[in-house]
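*Asks:* For the record, the sequence lines run as chains Y and R. Here my numbering is used: the first residue of the first sequence is 1, the next is one more, and so on. Here my numbering is used: the first residue of the second sequence is 1, the next is one more, and so on.
If you are wondering where the hints come from, they were derived from the structure by calculation, not from laboratory data. Every value quoted in this text rests on a predicted model; they were computed, and no experiment measured them. Note that beta-carbon positions come from the ideal geometry of N, C-alpha and C, so glycine has one too. A few of these clues could be false.
Going by beta-carbon spacing under 8 Å, a handful of chain Y positions derived as facing chain R [claimed, not checked]: (1) V50; (2) D74; (3) H118; (4) E196; (5) I198; (6) L280; (7) D282.
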Amino acid sequence: MSTRTDDTTAREHPIAPFIRMERMPHIWCPTCGIGTVVKCYATALADSGVDLDKACVVSGIGCTGRVAGYMRLDGFHSTHGRAIPFATGLKLGRPELLVTVFSGDGDLVGIGGNHFIHAARRNMDLLVVLVNNFIYGMTGGQNAPTTPLTAHSSTMPFGNFERPFSLPHLAASCGASYVARWTCLQVRQLTWAFAEAIGRKGFRFIEVIAPCSTLYARLNKLGSGLDLMRFYHDNVEIRNGADTREVDIGYQEKIVCGKFRDEERPTYLELMHEHYRKTLGDRYVPMPPEGGLIRGED
Amino acid sequence: MKADPRGVLTGTHYLDGDFACGEGAMAAGCRFVAGYPITPSTEVVERIGRRFPMMGGTFIQMEDELASMAAVVGASWSGTKCMTVTSGPGFSLMMENIGLAAMMETPCVVVNVQRAGPSTGLPTMVGQADMMQARWGSHGDYALIAVCPRSPQEAFDLTIHAFNLSERYRVPVLVMMDECVGHMTEKVVIPPAAEIEVVPRRLTARPPAEFLPYQTNGSLVPEFARAGDGFRFHTTGLTHDERGYPVMTPECQAKSVRRLLDKIRLNAGEIARVEEEDTGGADVVVVSYGITSRVARLGVGLARERGVKVGTLRLVVAWPFPEARIRELAARVKAFVVPEINMGQMVLEVERCAAGKAAVVSVPHAGGNVHDPEAICQAILGAAR
């Protein structure tokens, strides 16, 4: 037995090269799902063979907002709700970058909802990973735009009566080119989805349902994070290609997962280049892939 | 270094302040602009949107000013010089990410063509009432730089200067125009690119293994690494150490905030810029900026006809405030007269620096048009008595 323990501790964790290990332990609670999402993303990134020097992570504020600070990539921990416009500037300023936005539901579709719909409309070249735990975690369990009807939160102490967003439907109807939803339990499918989305272009949206045992589970008396994972096991229905009008999440009801959309559509940058080439001809000077940095001789 | 000729429209032009500001940005090497339309600033981005595709620049009209400012901060980390443009209501929305730019030490330029407020106020009419917001508008302690052009020519020149200062000190620099300057059309001379001095992004020469994003090595301004060059660095709006990692302690907070302020405060002598006329033997000095400095000149002329020895001091750079110079003058003049198109903002700084050694007279104006020169003259006469 002791030999096995030694082996395990001596071996580096397979995603350690992607993590700022000097920052461990992280701030996430035991049984939080965010770490699993990071593991799946890092695995996909490693398998994809992309140039990691060109891969950037942008986060907003909240529990998932800390991802940008834990991954050993160029990482930007921006302001609450503004990860998508921050990432938009980063991408347009240096188009060769692979820019991934990692943030939570409150951040991306609560305070940042306007940016979310417009980036999807533009088919901006961003991979957006939204970790949905149905609640505001870092501030202590307040109601989110994703909290299912009747679920309890600290600001809806008698249960939520606001209708939540169905995020795949929101993203798809606004024009996202890739839309998928998985839970933290389907680590293989989630890793494949990341790998696939990294290889696609345009606005790619992956919603990951993640357990929050400290707040969502506690306020709703749903047990531990493990119990939430067991719930996913028993209640996830995988329906690739499902109509996103039919993937709402009700309180403790089935969760439809799968890849709902995967279409090749011209991205913002492609449309811009094509349009200017057509209208301006040789006069058009596009920003080079390495960006608009103007170097001095000195 | 010299300006990239693709951005420089060399020649003698007849331009309004908004267009001249846009030309200044392009000459300075700005190649990314995110903005949201708002009167009376929109012509700046309209000008840029028309010329950017021919010089490798990207303009995007964002969904609001929150997004515009966030996009500018993001773009700056790509190494591309960038700017956004707005007026009062949009400026309020930008405060959030102006604070982020200050905290992350992100070079960028924000143009505010001021109209009268508060709130929606007088959208098409002049104001200068965002001057204190420019200094203090985002929460927390930080420092930045604000310049105040008085003419289309200066809108061009000072926009270039704003970019250069933002690169040198890694702060957001505000171009605090006003509607009159923005919409006033005058002669603007744009020199050849070889005569325009621009400060390039100061990229670190260190290899990634030896680079820490907020290490200053005794200077006050850290070296810059841009995204995508293999540094794998982190930055955050949280209080952070030299690695850019969050550190939630009063000690780290004290050190970080102190340096954010010191890099401007201790360099104020170099950054602050005023233009003086006849302050030598003056009894009264009129302190003004932007369009009001031109109206004040008429008031000063009227007062001189009535025998008062009046000098003028114009704030070319409003923030950091030229404290040292106002203190010097306060020791030997009788009074300062401060006309501005607000109910008394920069006058508070003059008062603070005069520290009771000279009288300070505010000449407020709620906005919508400029002062009556006679009102300024009367204030000067009153102060001289």
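*Asks:* Look at each hint and say if it fits the structure.
*Replies:* Quick rundown of the hints versus the structure:
A least Cβ separation of about 12 Å between V50(Y) and chain R goes past the 8 Å threshold, and the interface hint is therefore violated. With 8 Å as the threshold, the beta carbon of D74(Y) comes within range of chain R, its nearest partner Cβ sitting at about 4 Å, so the hint holds. For H118(Y), the suggested interface contact is upheld, since its CB lies about 4 Å from the closest CB of chain R, less than 8 Å. With 8 Å as the threshold, the beta carbon of E196(Y) stays out of range of chain R, its nearest partner Cβ sitting at about 23 Å, so the hint is violated.
Checking I198(Y) against chain R by beta carbon gives a least distance of about 16 Å; that is not within 8 Å, so the hint is violated. Hint status for L280(Y): holds, given a least beta-carbon distance of 6 Å to chain R, under 8 Å. With its C-beta approaching chain R no nearer than about 10 Å, D282(Y) sits outside the 8 Å limit, and its interface hint is violated.
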